[in-house]
Every structure is written in C-alpha cells, then in structure tokens.
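Each protein sequence line maps, in turn, to chains A, B and C.
28 is the number of the first residue of the first sequence in the working numbering; add one for each residue after it.
242 is the number of the first residue of the second sequence in the working numbering; add one for each residue after it.
906 is the number of the first residue of the third sequence in the working numbering; add one for each residue after it.
Each hint should be verified, as a subset may be incorrect.
Said to hold, decoys possible - Restraint ranges, calculated between C-beta atoms of paired labels, are given here:
1. A:T48 with B:R312: 51 to 61 angstroms
2. B:I798 with A:L181: 50 to 60 angstroms
3. B:E748 with A:I117: 45 to 55 angstroms
4. C:N930 with A:L181: 16 to 26 angstroms
5. B:L797 with C:N930: 44 to 54 angstroms
Hints are computed from structural coordinates only; laboratory data are not their basis.
Glycine included, C-beta positions come from ideal geometry on N, C-alpha and C.
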Amino acid sequence: MLQSPRSRQRERRIERQPEMTIITRTIIRGLLPVLVVFGVYIVTYGHLTPGGGFQGGMILVGAIMSFYLAYGFNIIRQFHEDDLDLAEHIGALGYLFTGLIGIFAGGTFLYNALKGGPAGGLLSGGIIFVLNFVVGLKVASGTLLVLLILLEALQKGE
Amino acid sequence: MPPTLSAAPAAILIPLGTAFVMPLIGRFVRHFRPALCIASLLCSGVVLLSLGDPVLKGQTLVYWMSSWAPRDGLAIGISLSVDAWGWLIALITVIVGLASVIYAAGYLRGETGHETYYVLVMLLITGLIGFALSGDLFNQFVWLEVFSVAAFALTAFHPEHAESIEAAFKYLITNSIAAFFVAIGLTLLYLNTGALNLAHVARDFKPTPGGMIGVGLLVGGYATKAALVPWHFWLPDAHAAAPTPVSALFSGALIKIGLYAVARCVFTLVPPGHNDLLRTALIGVGTASIFVGGVQMLHQKQIKRILAYSSVAQMGYLIIGVGLGSPGALAGAALHALHHALVKSALFMGTGAVVRQTDAHTLDECGGLARLMPITFVLVSGGTAALAGMPFSSGYLGKSLITEAAKESGMDWLSLVVVGAGIFTLAGMLRLIWRVFFGEHRTTGAGGAHEAPLIMLMPIAALMIGSLLIGFSAEGMTKNLGAWAAHALQNRDAYIGQVMEGTVPPESLSAPEIHPPEPGDISHWGSSILILVGGVGMAYLSLRKPFSAGTLPYTLIYQARRISLALRLWHTGIVTDYALWNSVGTALLIVPLMIQR
Amino acid sequence: MFFLNFVAAILLFLIGLYGLIRARNLVRILLNLGVMESSTYLMLVALGYRSGATAPIFYEPKIVPGITPTVDPIMQALALTSIVIGVVTLALALSLIIHLARHYRTLDVRRIRRLRG
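Pulled out of the complex, with its shape left as it was, chain A reads as follows:
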C-alpha cells in the first residue's frame, strides 16, 4: 500500500523473473534426485512405515514444485495437462480394478486376495502394495494438474 510505484515495479520484475539465483538452482538440482527417490521410497514402503501413496505422491509433487521455484514456469510446462489428466484417471481406475480383484477372488470389494511374503517384507502388504502405487500416481498427477492450472492463470497475469 505504502510502497512507491517504482518499488512495486521492481517487485513485479522479480516475480516475472524466470529463474532464481545460481545458488538455489545448484542446490535444488542436487536435491532433486534425493527428493524423487525419497518420494518413491515412501510410496513403496507405505505399508511398512508411516507413509503411503498419498504422502509419497505429495513429496514427488513437492520435488517438481521446488524445481519450478528454481527454474521458473517453463520447466514444468513440459507436463501437459492432458497427460496428467490421463494419468490421474488411470490411477483412479487402477484403484477400482485392484479393489475388484477381491470380488473376483470370491471375497468382498478390496478383499486382500494377493497373499504376499512374510510379515515385514516388501511384498507382505498384498494388494495394499499395489494400491499405494495407484494412489501415488493419482495424487501426484492430480495435485500437479491443479497447481499447473493455477500457475498458468498466474502467468497470464490474472
């Protein structure tokens, strides 16, 4: 409110600046593989440790968003809305079909028909293991889609 017109102009220029300083970019470039691996780990070990598809998916989105912060909007323009939409629907349908496995195996919806390995092992979750992946796919693509649309609206200056 109390800013002079010039300082407001400067602020806007910073906002429109495509990328951040080299320090941020370098750090985030180094951090990105770690974040992605961490996200995938959280999805994969969702049934054994605190975590799961949703949390892991959000971490993946966080990784991509940090990349956006460092490199500007152009870097996440590589994600097309249609592709993300498709991925989200595949995730949702994957959940439905995984749930239906239970019915076809003679149980109820979401019945754990896949008997996995020993307790504590990676495959011990049965269908929960699969569900974590489809949920992760859906959450990551869905959240990214929402953010992409909102950011695009911001880019248009509206």
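Once you have looked at the hints, place chains B and C on chain A.
Positioned in the frame of chain A, the structure of chains B and C alone reads:
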C-alpha cells in the same frame, strides 16, 4: 451373505468407474456420453432394486469392505449399511440422476464442455449414492465432500456468467463451514465412543456434553446440506445459477441427502429419550423454513429462484415430519421426499426449458407462452397441482400423513402450518405460471419461442407420470415403502444389532400399521380445498391490485408486504453474513441437546 | 496434555470462524477457512496421540499388540484425508476467486452481491 448383497458396492462403483472411464475413451464416445451415463445409472438402479426385496422386509444389509467384519464387538472395518431409509434416498438419487442426464443431452446441445459436465455429474451422483449407502461416519464425510466439490464445480459450469461464479463461491464457503462442523462433530463422537461406524457409535454413545455437542454439530452441518432456515442461504443462489439439469439434481437429490443425514443423526445416533427436545427444535426450524421459503417465493423475480425458495419451504415440511417422529410422520416424510424429488425436478426442468427456449430469466421477460409451448405448460401446471398437494397427486399422500401424525401428537397447529405451506406454494407457482404462460409476449425472445426438443420433454413427462402413479397407489406405497422407511429409522436397536452382530431379531421384522386416507375420499379434501382457495386468492392479490388506496384491505396488504420485505433484506448477499447465520443456527441446535442430556 | 490440545483446537476453530465472519477480502476469507481447517487437523491428531507411545508397526519384536502403548493410527489417516479434502476445496475456491476478480473487478465481499433477496 445373501447373493444379492455381494453386488451392493456396484451401485457406487459403476457410476464412479464411468466418471473415470469417460475421459479415457472420450474421443470415441463423443456423442454417446449421455448414453454411457444412462447405461451406468441404469445398472446402478438395477443393483439397488435387487437389494430392494430384503430391505423392504425390514432388514439392514451390511457389506464389509475388504471383509473386515466386526470382531469382539468392535467394528474396525468400513461398511455399507443399507436399510430402507438409505435405500429410498439412493433410489431417488438414481431416478432424478437418470432424468437429469437425459434432459442434459438436449439442454447442453450447442454448448461446450460436455465431458467435464458429465464427469462432474457422475461424481455428484456417485457421492450422493455413496453417502446414502455408507454406514460409516467418516466415509459419509468423505462422500459429502466428493459430492460437494462436484456440486461447487457444476454451479460454476458457466464461468463467463458472473452470477454462477458468485453463487458457486457462496455455496463453497457456507458448505465448507458445514463440513468443518461435521468433521469436528465426528471427532467428538470418536472421543466419546472410540468408533466411527455409525452402528458402533450409536451402541456406545454416552450422552456426555462432548457427545451431545458432537451430535449437534453433525446435525447443524447436515442441515446446511438440507437447506433449512437459517442454513438455506446458499440454496437459491446455487439453484438459480447452475445449469437446469444440475438444479434439478440439487433440488431432487442433493438436499434430500441432508434430510437423510439429519434423520439418521436424530434417530440412530441419539439414544431414545434424549432427542425429544431436538425434535421439537426441528419442528420449529421446519416451520421457519416454510414461512421464509413461502414468503420469499412471492418476492422473487427470477423464475428459477421462485422454485428454489419453494424447495426451502418443502424441506421445512419434510423436517417437520422427521421432528414429529411417529411412524406415520416418518412414512409421510419418506414418501414426501420421493414426491418432492420427482415433482420439483420436473418443475425445474419444465421452467428450465422455458428459460432455454426464450433466453428469459425473469418473470418480466416472458409472457404468453401457453400457446407456443403447450406441452411444457401442461407439465408445469400438473407439477404445480402436485406440489400444492391436490388429491390424486403424490403431494396429497405425504401431506395427509404428516397432518394426521401432527393431530395424533397433539400439535393441531401444525396442520395450519401445512395448509399455510400449501397456500404459499400454490400462490407462488400460480404467479409464475400466470406471468410466464399468459398475457402478452413481453420480449421478442418470448414471441419467437417454440416447444423444447422431445428429449427434454420426455424426462419431465416421465417424472410427472411417476408422481401420478404414487398418488393413485397411496395405500400400496405407504404399506410397502413408507412404513418400512419409518421402521428403519425407528428400530434403532435392530439397526445396531444387524450391523454389529449380523443377526436379525425376528420381532423387528414387522412394519408399523399406517393407513393413508384414500385420495378419492372427499371428507379428507378440506385442507386441499382450503389451499386451493387461499392460494388462488393470494396469487390474485399479488398479481392484481383489486382494492383502491385508502381502504382497509389495501392498507393491510400494503403493510403485510412491507413487513415481509424485511425477510428479503435478511438475504443480504454477503457471504460472511451467511457464515454467521450458519454458525448461529448450529449453536442454537446444540442448546436443546445439552438441556436434555 | 490432551486437554490443552483440545482447547487449542477449539480456540483455533473459533478464531477462524470469527475471522471469517469479520473478513471483507475474499482471500482473507479463504485464509480463515484454512485456520478452521487446521483446527480440525489438530483435533484429529491430538485425539490419536498418547504420551510415550510409539508407532503401531507390529512386526518389530519389541512392539507387542495390546501391551506396548501405540498411538491411534486411524486419527492420523483421517487427518490426512481431511488435508486432501481441504486442498481440493481451497484450490477450487482460489480459482473461483480469480474468476470473481475478473468479473467484479474487486475482492471486497460487500460488493460481490449481485445475487441477493
């Protein structure tokens, strides 16, 4: 597990799957999207009907997701608990959804964004069915959010109209607050009982202050969905701004879900002996809704807003039935919910056809359409008669059942309220019909109008025929449907027992004896005649000014009008005011629960 | 300890509600909605908390079901679900605000009242 039961989740999964499949195969089914929706809704309806036989014999069907049945009296799993009351609401949703999708196939012609529309509508319907069938408080909350978000987005389906965005925003804010009330309420119930399954919570519920506040918050949150006064502010905006098939779904199915949930909380959650004051409060809320909705109908200029306020009044009617709580009143409420779903969606679709063909949104822009759109005129007139509760229509059945129950409970003044509701409804609708269908064409749009395409008229006609069928088979509908819905709400212990133990106590499998008055019996027509005379008189007074200034009747009408305008000013249009009334209403609802602890 | 969390959650809820009712700016309404939302998260997580308890991961030999105190995982799952729901609602509300600002050229809630009466 009976063989039909294993299909129960399909009623939810088929529409849900359709919503997700549609974008994937959208390229190939461009012209068949409505057909796909209709097919999936038909499948869902068949599944529901296949459950109908045991449900309408008083059983509660329970489906445990992932086979997690209760062990040692603890229900950890997530269940679908289908009893007659939830089944009826789910069936209403499917019927109205079918009509709405067929209507939309004609209505959306020449517009863009079909795919988004159908996906969102399928999500909305899925959420409603899921809510009605779910037996778990938190899952109900999730379904509530699913259909709410779909409904917000559908209200804003035309982002180029400022009004639809405004309506969607107000709808979102008021209903988000309601959702937080529900969330906090179920947390308090979890604190009270350590469970989230509805039956488990009901079994272990202790009437402590925390538990009672929890129930009050739940009822307040769901009352926002049911659009009762003073939680109703979002309804006229959202109904008027949404595309017409969506308005029909809102009025037909979405607000019924609120009623369903309120009745569930009052009868299943709260132990008997603790809900009498709450039910009395609900009767008061219902009376206020009838009054506000009825008076506001006469003040409106927009065609769809008139119908929206009529919905507020009719929801008041239904909640009075729930508040009375006797078997007859509950059966009346259930049948009236079915009636209102059929008739009000038909009316929305009929007037929506007028709006679409003439591009006129207010009463002043139409006129003289009876000759140009004769079929629509006949259907809307028929709907008006049914809505006002004329004999041989479906409205007569619910009205007489609720009136009878009120007399039995010793609340004779309620029959006056019921007659008043009929008078206001008839007057508001006659005013609409007169201004839209008679007189001169006031705009060129109205002069050049022609009948809506057949695909839009068909669902309206089907809904009206359904309403007539209910009206003529009053005895059968009451005995086979209404009585069992009342039975499901009243037999709390049977519900808990069937969900938690899985056994059916045989003595619980008998429906209460309810005898509706025969529609042909002239000795019961008194209230209908009163409504007819009063409604026509009031409509006449609001359209013409028969008295000259200075005479006593003129002054009286003038003053009544001036006082009732205060109600209009109450609807300020500022969303934060609406939020305030939302919370005040919920806080007031907690009071009777705390007193009768 | 639980009692304090409880009081904090209720206070947070009431602060959010009061702020929402008093707010005049659309974005501020959403911020207050966010405060109300976080009060529900706090309440849910606080309900599941037990002091000195550990995570309910039962394949480790030193954690025995029924003997070792564990926190309530249901409430944490519910909190997560609530967060998803909140994110969806907020995103939708933000996009609605963008449209509203374009139509009405204002963010003052008192001037966005074409629908009233």
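Verification of the supplied hints:
no.: 1; hint: A:T48 with B:R312: 51 to 61 angstroms; result: holds (59 angstroms)
no.: 2; hint: B:I798 with A:L181: 50 to 60 angstroms; result: holds (55 angstroms)
no.: 3; hint: B:E748 with A:I117: 45 to 55 angstroms; result: holds (51 angstroms)
no.: 4; hint: C:N930 with A:L181: 16 to 26 angstroms; result: holds (18 angstroms)
no.: 5; hint: B:L797 with C:N930: 44 to 54 angstroms; result: holds (45 angstroms)
Of the numbered hints stated above, none is contradicted by the structure.
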